[in-house]
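Protein chains in written order, with our numbering: chain E, 1 to 252; chain U, 1 to 262.
Calculated from the structure, these hints are not laboratory results.
Where a beta carbon is used, it is the ideal one built from N, C-alpha and C, also for glycine.
Wrong hints could be hidden among the right ones.
To be verified - Below, simulated DMTMM-like cross-link-like pairs (lysine to aspartate or glutamate); rule was C-alpha separation at most 25 Å, straight line:
id	chain 1	residue 1	chain 2	residue 2
1	U	K35	E	D163
2	E	K40	U	E36
3	E	K59	E	E129
4	E	K33	U	E214
5	U	K179	E	E177
6	E	K19	U	E242
7	U	K179	E	E51
8	U	K106	U	D137
9	E	K32	U	E242
10	E	K32	U	D246
11	E	K32	U	E247
12	E	K59	E	E97
13	E	K40	U	E242
14	U	K35	U	E74
15	E	K33	U	D151
16	E	K200	U	E39
17	U	K179	E	D111
18	U	K35	E	E177
19	E	K233	U	D40
20	E	K32	U	E39
21	E	K200	U	E36
22	E	K130	E	D145
23	E	K19	U	E186
24	E	K233	U	D46
25	E	K33	U	D246
26	U	K35	E	E97
27	E	K19	U	D151
28	E	K19	U	D177
29	E	K41	E	E84
30	E	K33	U	D245
31	E	K200	U	D46
32	E	K19	U	E214
33	E	K33	U	E247
34	E	K32	U	E214
35	E	K200	U	D40
36	E	K19	U	E209
37	E	K32	U	D245
Unchecked claim - Distance windows between CB atoms, simulated:
id	chain 1	residue 1	chain 2	residue 2	range
38	U	G216	E	F24	45 to 55 Å
39	E	K59	U	T37	47 to 57 Å
40	U	E242	E	S108	46 to 56 Å
This is what each chain is made of:
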Amino acid sequence: MEPLNFFDCNCSFGMRGVKYPGSFSTLDELIKKMDNYGIKKALVYHSMAREYDMKTGNKMLMGEIAAYPFLYPVWVAMHHHTGEFPAPALLKEQLRENNIKAVRIFPSVSDHGYSISGWNCGELFDMLEKCKIPLIAGLDQVTWDELHNLCLNHPGLIVILSDVNYRINRNLYALLEKFPGLHVETSGYKGFDGILEICKRFGAHRLIFGTGMPVLSGAAAISLIKYARISNKEKQMIASGNLENLIGGIKL
Amino acid sequence: MTDAGKVKRGLPLDDILVIDCHAHLGPWAAFHGPKETAEDMLVNMDALGIDAACISAHAAIGPDYAYGNNFMMETVKKYPGRFIGYAAINPNYPGEIRAEIDRCLKIPQVKGIKVHPGFHKYPMDHKYYHIVYEEADKRRCPVLMHTWGMDSILAVGRIAGMYPRANFIMGHAGGSDIKAMEKAVELACMHDNLYLDLVLSMAYEGNVEWLVREAGSKKVLFGTDMPFYDGSFNLGRIALAEISDDEKKDIFGLNAKRLLGI
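One chain only, chain E, in its complex shape (with noise of 0.2 Å):
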């Protein structure tokens, strides 16, 4: 079997409020880890843009990882209405002088406590729809109604949705179906032969390689692709060929 490249879509480093024993926070730790479970690439994020402040955390961010050519900027994002964040026109402008790949979200209570719905984030969906930037958002995040609402009222968003778990068959299934912009992030999609189902019934271009390090088991992540029951071609388009084609297809 070649080695796959993994290009991972879901990892973050910097200091978070709860640590877990045996975790690390460090960029020097993520890319030691990486290294050992042969990750190539990864979008990663600012923990501290995250459980701080959106502005502080995408800075800090931008100024750790700009040695590293293999780790590609995802920007902590959300609507502009309070001038906490700005406005679609003028943040489209900084995600393209940042090389910004990839936008995501915490709307839940427990973090940055918001709704998704358009009347309060249609403008900055409508911008990421037409620039194609993808949109991450952890199951941990939105309702299954509040992502069906987005994709429906947005077609052509690329929507990644992370950080799910291997009891949601009986409603992701539903919108794989209706959306093809949505796909699905796979350190959390651990269900018994639950990679292979997807790619029979979807394809496996729905799928996109992630983490969750520093939280979660890379060496997990990794395995779940490697010992896979799918064709290597498969194994490759969900290691990094996806995310390769969804971050080439940008218009910024």
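Once you've looked at the hints, dock chain U against the given chain E.
Chain U only, in chain E's frame:
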């Protein structure tokens, strides 16, 4: 080739003993799983290099212990050596516990007992569960306990001290609550007959290394929770953990072999 090297190539761990101490069998009401049969599991086990899996039937930890235990016993008889049985007990039917344990453990391939207080809605140290622990103590057999949260871990600590001839495996090592897991580690260090399994859907980075450092590799067991999850992700996080090869051997199979008496 090392275990880590094999995982990085997607190859089975075929030169060490691998026993899955925590697996199931059959469909589950709460969600859809694409695969669920013993034959499906064998395909996955062969691909990963899992020699044997210890199973309890979902039906038995759910509504019908006798239906589920029958299913488990048919399976362990059909695939001797590949599957090892746990008799699952439901404390909602207390008058039938001893007879059901006796019925199941008469089968040589059934080596232990499974309790799932979460589904059966009884606390781990309820008097009806003590019937199970008495039987396990008498028979010197392992009890796989679904532990989730601090209350269940504290209860297991009390139980382990009361039944020193039985071995107790804390399934999920207390669950995703890291404080419960820390307590589980502390109790595993205090009691010779208390063990941790690595069956966790939230597989935390560095978790294996931490558990081995704190509790020692003799107290940690590999499990998959098949057919809930795919066996690969728990296998990989042990094989790629920054621990010694001997410690991996303990976790993958030697500890379970000792507890099961095989």
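We went through each hint and held it up to the structure:
1. U:K35 to E:D163: holds (22 Å)
2. E:K40 to U:E36: violated (34 Å)
3. E:K59 to E:E129: holds (24 Å)
4. E:K33 to U:E214: Roughly 22 Å between the alpha carbons, so the hint for K33 (chain E) and E214 (chain U) holds.
5. U:K179 to E:E177: violated (40 Å)
6. E:K19 to U:E242: holds (19 Å)
7. U:K179 to E:E51: Satisfied, since the Cα-Cα distance of roughly 21 Å is no more than 25 Å.
8. U:K106 to U:D137: Given pair K106 (chain U), D137 (chain U) holds - Cα atoms ~16 Å apart, limit 25 Å.
9. E:K32 to U:E242: holds (12 Å)
10. E:K32 to U:D246: Holds, at roughly 24 Å.
11. E:K32 to U:E247: Cα-Cα ~22 Å, so holds.
12. E:K59 to E:E97: holds (13 Å)
13. E:K40 to U:E242: Holds, at roughly 20 Å.
14. U:K35 to U:E74: holds (19 Å)
15. E:K33 to U:D151: violated (34 Å)
16. E:K200 to U:E39: Satisfied, since the Cα-Cα distance of roughly 20 Å is no more than 25 Å.
17. U:K179 to E:D111: Holds, at roughly 22 Å.
18. U:K35 to E:E177: holds (20 Å)
19. E:K233 to U:D40: With Cα atoms ~23 Å apart, K233 (chain E) and D40 (chain U) stay inside 25 Å; holds.
20. E:K32 to U:E39: violated (39 Å)
21. E:K200 to U:E36: holds (17 Å)
22. E:K130 to E:D145: With Cα atoms ~23 Å apart, K130 (chain E) and D145 (chain E) stay inside 25 Å; holds.
23. E:K19 to U:E186: holds (19 Å)
24. E:K233 to U:D46: Given pair K233 (chain E), D46 (chain U) holds - Cα atoms ~22 Å apart, limit 25 Å.
25. E:K33 to U:D246: Holds, at about 22 Å.
26. U:K35 to E:E97: violated (47 Å)
27. E:K19 to U:D151: holds (23 Å)
28. E:K19 to U:D177: holds (12 Å)
29. E:K41 to E:E84: violated (30 Å)
30. E:K33 to U:D245: At roughly 19 Å apart (the allowed maximum being 25 Å), D245 (chain U) and K33 (chain E) satisfy the hint.
31. E:K200 to U:D46: It holds: about 21 Å lies between the C-alpha atoms, which stays within 25 Å.
32. E:K19 to U:E214: holds (17 Å)
33. E:K33 to U:E247: holds (20 Å)
34. E:K32 to U:E214: Distance of about 23 Å is within 25 Å: holds.
35. E:K200 to U:D40: Holds. K200 (chain E) to D40 (chain U) sits at ~16 Å (cutoff 25 Å).
36. E:K19 to U:E209: holds (15 Å)
37. E:K32 to U:D245: holds (21 Å)
38. U:G216 to E:F24: 45 to 55 Å: violated (23 Å)
39. E:K59 to U:T37: 47 to 57 Å: With a Cβ separation near 53 Å, K59 (chain E) and T37 (chain U) satisfy 47 to 57 Å, so the hint holds.
40. U:E242 to E:S108: 46 to 56 Å: violated (33 Å)
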